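Colleague: This is what each chain is made of:
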Amino acid sequence: MHRAKKRFSVGKKQNLVGWLFLTPAAILIVLMSFYPMIKALFLSFKTGIGTTMTWTGTTNYTRMFQDKVFMQALNNNFLYLIIQVPIMLILALALASMLNDKHLRFKGLFRTAIFLPCATSLVSYAIIFRSLFAVDGFVNTILIKLGILNTGYNFLTFPTSARTIIIIALIWRWTGYNMIFYLSGLQNIEYSIYEAAKIDGASPFQSFWKITVPLLRPIILLTAIMSTNGTLQLFDESYNLTYGGPANATITMSHYIYNMSFKYVPNFGYAAAMSYLILILVGTLALIQMKVGDKRD
Amino acid sequence: MIKVKKAVQYIILTIVSLLSIFPILWMAISATNTSKDVVAGKMIPGTYLIQNFKNLAAAQNVGGAMFNSFKYSVILTLLSLLICSLAGYGFEIFHDKGKDVVMSIILLAMMVPFAATMIPLFQMFSKAGWLNTTIGFIMPTISTPFLIMLFRQSARSFPPDIMEAARIEGLSEIGIFFRMFFPTMKSTYAAAMTITFMNAWNSYLWPKVIMTDNDSITMPMLVANLKSGYSTDYGVLMLAVLLCSIPTVIIFFLLQNYFAEGITGAVK
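Residue numbers (this note's numbering), protein chains in the order written: chain V, 1 to 297; chain Z, 1 to 268.
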């Protein structure tokens with residue numbers, strides 16, 4: 001990124017005005033993100049309820065790795081991450097490059113339709129998918145009518161099908177969102193490059209891998225980091241679509257942390273320790289992605 | 001050969017579009033049918049909408065939840081746009097080394113997962129007496145790194161000549177912001193508004209944590225409260241989902257072009 005050289009001399013008074021402009025936002029970020037984060041760090045070394053908390057050293061951190069439910073939740077988050085994110089991003093990229101075709105008709109219609117799922121709230125779509133795949137839901141009704149099934153299949157009571165439904169739901173909700181980022185990025189690429197490639201005999205597949213992907217790398221990186229971040233923090237889908245079940249087979253880390261803090265006997269110390277693991281994972285993965293994303297320059 | 005490729009392209013896009021729309025269409029149609037019809041797989045709008053609404057209103061305070069959601073989301077959106085655009089403008093127009101350092105620290109906050117701040121925030125807010133209040137709802141997300149970045153990026157395209165001219169005219173710095181920057185950045189504001197309003201309206205985990213009183217709940221919370229294990233009234237449930245989706249869908253249709261434009265400005 002090249003920043004234009006200083007646009008005009010910034011005087012002392014204007015410099016102060018600049019700080020005044022950004023102070024409210026900066027203070028809020030410190031108070032609402034950094035300060036609680038530090039508080040959570042202290043909490044994670046404590047145990048007990050409410051005001052009677054005592055220091056316990058690293059007990060919370062060692063407990064986490066022996067906690068079968070938390071390990072299951074960690075596994076689930078990674079399963080969603082490894083399967084869902086690549087499928088979604090590739091699909092979004094493929095759809096965006098199809099829509100970037102200058103001669104395509106009904107472009108606006110397709111774009112609106114594919115982006116529409118993003119307008120539904122997380123709770124709403126979780127409940128729509130829960131209802132669609134319920135034992136007496138639409139999908140089963142159709143499968144029975146078509147003669148594929150005799151009785152309703154209870155998708156949500158088997159680990160593999162329940163996880164699959166969460167992954168399908170996530171792909172449905174977020175592909176259009178990522179597609180908009182790619183479409184915006186594609187608009188910054190000169191269309192003539194594609195036409196030149198075509199004249200040189202490049203297939204659409206080749207120009208996709210040789211032109212689109214390299215030029216969009218910064219945006220692909222951005223969406224990969226955002227999706228990783230979002231997937232590691234999944235809550236609504238686990239909470240409202242599968243209730244974490246069957247037997248914690250689909251529960252996510254955030255869902256378990258919520259249960260540990262507000263549903264069961266509150267254990268803020270342990271919950272804070274688990275939340276720090278998410279923080280470390282998000283940070284590490286973002287760093288790795290930035291390294292990989294930059295290397296191939 | 002080219003014709004076949006074209007056809008494949010249209011077929012894929014049509015299938016994906018239909019798959020994207022179908023669950024929403026099914027939801028809207030189901031809201032007008034009885035639970036029995038929904039289960040039977042009826043895909044034609046019915047006449048049960050008003051009865052579903054009566055049942056829903058009898059079971060839950062829909063008006064209250066709708067009002068709460070509007071109140072929280074509108075106040076949050078207005079404040080958030082003001083504070084983040086001021087900051088983004090400040091970072092870009094008056095930028096120097098010190099401010100760039102502050103900006104990179106702010107961007108670090110993007111990586112802080114909500115699960116890590118949720119418990120301390122809950123403790124802070126209970127102490128401050130902010131449970132079940134609008135201020136409790138809005139405080140954590142008034143200032144977000146994403147919005148600040150969006151406004152900072154778009155401030156880059158704000159012509160310096162306008163600023164110089166305004167200064168010569170004797171307009172104050174804050175006057176330049178409100179009378180020059182604000183009107184020229186309409187599409188960025190519209191994109192920011194779409195994102196912020198949708199996030200505010202759709203947020204679930206945080207309101208669930210701090211809205212402990214039944215009179216303070218939001219629409220998504222009401223929808224989630226409706227779901228129950230075995231005997232779900234799908235007609236009523238889908239009507240609640242429909243009502244919860246209408247505001248964000250309207251905003252989306254009104255502002256979707258700005259949204260794409262605003263994002264384009266930000267990813268340049």
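Derived from the structure by calculation, the hints contain no laboratory data.
Keep in mind the model is a prediction, meaning the values are calculated, not measured.
Among the hints, a few may not be true.
[To be verified] Result set (DSS-like, lysine-lysine): computed pairs, CA atoms no more than 25 Å apart in a straight line:
(1) 39/V / 208/Z
(2) 127/Z / 39/V
(3) 42/Z / 198/V
(4) 107/V / 97/Z
(5) 186/Z / 71/Z
(6) 5/Z / 107/V
(7) 145/V / 36/Z
(8) 208/Z / 186/Z
(9) 5/Z / 210/V
(10) 102/V / 3/Z
(11) 107/V / 127/Z
(12) 208/Z / 263/V
(13) 210/V / 36/Z
(14) 42/Z / 145/V
(15) 6/Z / 210/V
(16) 12/V / 97/Z
(17) 5/Z / 198/V
(18) 127/Z / 263/V
(19) 71/Z / 102/V
(20) 46/V / 6/Z
(21) 13/V / 3/Z
(22) 127/Z / 102/V
(23) 227/Z / 263/V
(24) 198/V / 6/Z
[Claimed, not checked] Covered stretches of chain V, as calculated for chain Z (at least 3 residues, CB under 8 Å):
(25) 75-86
(26) 121-130
(27) 140-148
(28) 274-288
A virtual CB, placed ideally from N, CA and C, is assigned to each residue, including glycine.
Colleague: A separate judgement is required for each hint: does it hold in the structure or not?
Modeller: The hints, checked one at a time:
1. Taken as a hint, the residue 39/V and residue 208/Z pair is honoured in the structure, with Cα atoms around 21 Å apart against an allowance of 25 Å.
2. Using a Cα cut-off of 25 Å, the hinted pair residue 127/Z and residue 39/V holds, with the two alpha carbons roughly 14 Å apart.
3. A distance of roughly 48 Å separates the Cα atoms of residue 42/Z and residue 198/V; the hinted pair therefore is violated under the 25 Å criterion.
4. Restraint check for residue 107/V and residue 97/Z: the C-alpha separation of about 44 Å exceeds 25 Å, so the hint is violated.
5. For the suggested pair residue 186/Z and residue 71/Z, the alpha carbons sit about 23 Å apart, so the restraint of at most 25 Å is met.
6. As the CA atoms of residue 5/Z and residue 107/V are separated by approximately 16 Å, the hinted pair is consistent with the 25 Å bound.
7. With a CA separation close to 16 Å, the supplied pair residue 145/V and residue 36/Z stays within the 25 Å bound.
8. About 33 Å separates the Cα atoms of residue 208/Z and residue 186/Z, which puts this hinted pair outside 25 Å; it is violated.
9. In summary, the hint linking residue 5/Z to residue 210/V is supported, as the alpha carbons are separated by about 19 Å, within the 25 Å threshold.
10. Taking the CA atoms of residue 102/V and residue 3/Z, the gap is near 15 Å; set against the 25 Å cutoff, the hint holds.
11. With a C-alpha separation of about 52 Å, the suggested pairing of residue 107/V with residue 127/Z is violated against the 25 Å cut-off.
12. Under the criterion of a C-alpha separation no larger than 25 Å, the hint pairing residue 208/Z with residue 263/V is consistent with the structure, at around 11 Å.
13. Note on residue 210/V and residue 36/Z: the hinted pairing is violated, with a Cα-Cα distance of about 53 Å set against a maximum of 25 Å.
14. With a CA separation close to 12 Å, the supplied pair residue 42/Z and residue 145/V stays within the 25 Å bound.
15. Our distance criterion of 25 Å between C-alpha atoms is met by residue 6/Z and residue 210/V, whose separation comes to about 21 Å.
16. Restraint check: the Cα-Cα separation between residue 12/V and residue 97/Z comes to about 14 Å, which is no more than 25 Å; the hinted pair holds.
17. Proximity of residue 5/Z to residue 198/V is assessed by CA-CA distance (about 14 Å); at most 25 Å being required, the pair is judged to hold.
18. Simply put, residue 127/Z and residue 263/V have alpha-carbon atoms about 20 Å apart, close enough for the 25 Å limit, and the pair holds.
19. For the suggested pair residue 71/Z and residue 102/V, the alpha carbons sit about 42 Å apart, so the restraint of at most 25 Å is broken.
20. Proposed proximity of residue 46/V and residue 6/Z is contradicted: the alpha carbons are some 62 Å apart, above 25 Å.
21. Simply put, residue 13/V and residue 3/Z have alpha-carbon atoms about 64 Å apart, too far for the 25 Å limit, and the pair is violated.
22. Taking the CA atoms of residue 127/Z and residue 102/V, the gap is near 58 Å; set against the 25 Å cutoff, the hint is violated.
23. Under the criterion of a C-alpha separation no larger than 25 Å, the hint pairing residue 227/Z with residue 263/V is consistent with the structure, at around 18 Å.
24. Restraint check for residue 198/V and residue 6/Z: the C-alpha separation of about 15 Å stays at or below 25 Å, so the hint holds.
25. Figure legend: the stretch 75-86 of chain V, annotated as covered by chain Z; annotation inconsistent (0 residues with Cβ-Cβ distances under 8 Å, at least 3 required).
26. Requiring three or more residues with a Cβ within less than 8 Å of a Cβ of chain Z, the coverage given for the stretch 121-130 of chain V holds, as 9 such residues are present.
27. Against chain Z, the stretch 140-148 of chain V contributes 3 residues with a C-beta closer than 8 Å to a partner C-beta. That satisfies the three-residue criterion, and the hint holds.
28. Note: the stretch 274-288 of chain V has 8 residues with beta-carbon separation from chain Z under 8 Å; the three-residue rule is met and the coverage holds.
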